[in-house]
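**Q** Taken in order, these protein sequences are the chains called A and B. Letter by letter, the first sequence follows residues 1 to 225 of the numbering used here. Letter by letter, the second sequence follows residues 1 to 432 of the numbering used here.
There's no promise every hint is true.
Stated by the list, open to error - Here chain B is said to cover these stretches of chain A; the calculated rule only asks that three of the stretch's residues, wherever they fall, bring their Cβ under 8 Å from a Cβ of chain B:
| id | segment |
| --- | --- |
| 1 | 12-26 |
| 2 | 98-109 |
| 3 | 131-140 |
| 4 | 158-170 |
Don't read these hints as lab results, they were simulated from the structure. All residues carry an ideal CB built from backbone N, CA and C; glycine is no exception.
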Amino acid sequence: MKLLIIEDEKGLRESIEEYFTEAGNICETASSYSEAMAKVNLYRYDCILLDITLPGGSGIEILKNLKENNYTDGVLIISAKNSLDERLEGLDLGADDYLVKPFHLSELRARVSAIIRRKTFDGNNLLVFKELTIDLLAKAVKVNSQVVKLTRKEYALLLYFIANKGKVVSKNAIAEHLWGDGIDMANNFDFIYSHIKNLRKKLMEAGSNDYIQAAYGMGYKFTDE
Amino acid sequence: MKLLTRYNRVNLVTTIVVMLITGIIYYMAINLILTNKIDKDLAVEENEVFEYVKINHQLPQVFESKDLQITFTSAQPGSVARSFINTVYRRGDENEEEHEGRRRRGHHHGDEYESGRGLISSVTVGDRYYKIQIVESKVETEDLVKIIFGITLAVILLLLLVLFVTNRLILNRLWQPFHNLMKEVRLFNIADNKDIPDLKTSVDEFKELNQAIISMSSRVKSDYKDLKTFTENASHELLTPIAVINSKLDTLIQTDNFSEQQSKLLNDLYSAVSKLTRLNQSLLLLVKIENQLVGGDQLLNLRSSVEEIIVQFDEIFQDKELKVSSDLADKEIHASPYLIDILLNNLLSNAIRHNYKGGIINIKLTNEYLLIQNTGDDDTLQSEQIFTRFHKSSDSEGSGLGLTISRQICENLNFKLEYSFKPPYHTFIVEF
């Protein structure tokens, strides 16, 4: 996939770029309004990560420009502003999602994956990873051809892992993804452990390989290596 | 003590004192004038005696007129000096009826004694020397003085009464702008947009007070606004570095081979950053709620909101083996679902966080109130302190802003959030 990261904060921009750069992905960056405007008018991207407050202009203007030209790039707004109005304005203008700073890179990645999946839908609502097949519309998971019954949280967890395959995902990131930041019970990681244990057990009982690895007590890694 | 009472007290005392002093002076002046008049009468009488003696060369017949007695007694020649004296007028008992009213002046054995004024003089008839004593009763004079004194007293009392009543009426009216102003000051809320209005008064003092209060309140408000803007900006500016730390941590854990010690350090860093994030978000949220910037109000059924949140927390209830009972009635309110979510979330999180394993949580929703009860420590919490910012128990994992936010949300909705403790339950109640 081809991404454009529009973010003026160097540290954040580099982290995102590094996290997304891997075989098959192309990441481009822009750190100012004019640079971003130039790039979005020249090239097409699968997904654009768009910061609202930029030196030289507002990310909202870039979004408007995209929509005026009927470009179909996916747009994920990453903003420090967490007000409902801003969020609604962004989404009304045609952004696909809205992520509030600070966020976990794994969360960003899951959101980007979801946007790209939606963009490249093509009547195909199946996400395939090795012997796992996930029907995104029916929210059904199969190992080979055997149906696995997952709870809502286990399903969300599996999607999250697949979007971040090969990456270590921290327990904090998982907790926030599953419970949202509204519930600050997130520090109790026992829940995550039991969900992951159940997910792993169900998948393996259906004949899947064990893809979920614990990573140094900090988090988990979904990998086929 | 009220200003009016105090003013009246001072006013009354000075009025009475001044009136008394003028009364005394008045009395003395009248007394003096009347005495002078009597003295003149006496002198005239004396003159008449002299005239009589001069013409007739004998003493006049001693007669007693109504209030006048003249007595002649022979004396050593030259022994009598002419002088006016205050003396006693002895009235005979001959005329009971007339004296009826004068009895109180004191009388002995049928004789009445009245205060009188006398002139002692002398006359020589032929070769005999007589002492003349002319005494006039002062009863008439004293009656006059009494009447005057009575009238004066009545006037004083009337004056006092009138002063008292008018003071009360006028002062109450005069102070009306002050009371209006006090009402405004009492209603003054630093957080809302209502300003202290300009009072319609022609009194300079009140105008000045009004202006001072207006300028003070606007200064306070602008300071408060600055402070809030500062909090908002500071929290906002913090977001970016926190985002960078977060992303760098996420990147860091992608690198391989951490020792157990390193991963523990990383975990601690993660927890600290996530706590910082939550704290920051809470601060921003609080500022936003205080400024009433969260819109999106709609009619919602509180019952379904509560039911939803109970489902969300189900896992945690089970983990802590909490017995949760709920008794919910339908209750429609007009509010932002986002804020109601936060409110319920905070209250329920607290009920869980400060509970023990196997404890109890009761949730009750009626048309009048929402009540959330939980078991926990047997100590009563300081009900005023727990709603203040950053007040929390030492072992609490929260930000210390949860209840502050909850109360602010309730205030915005004109609800009342109260805490009480009745063993074994800590109770938070939202009154609609």
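**Q** For every hint, state whether the structure bears it out.
**A** Each hint, compared with the structure:
no.: 1; hint: 12-26; verdict: holds (count 5)
no.: 2; hint: 98-109; verdict: holds (count 6)
no.: 3; hint: 131-140; verdict: violated (count 0)
no.: 4; hint: 158-170; verdict: holds (count 3)
In summary, the one numbered hint that this structure violates is 3.
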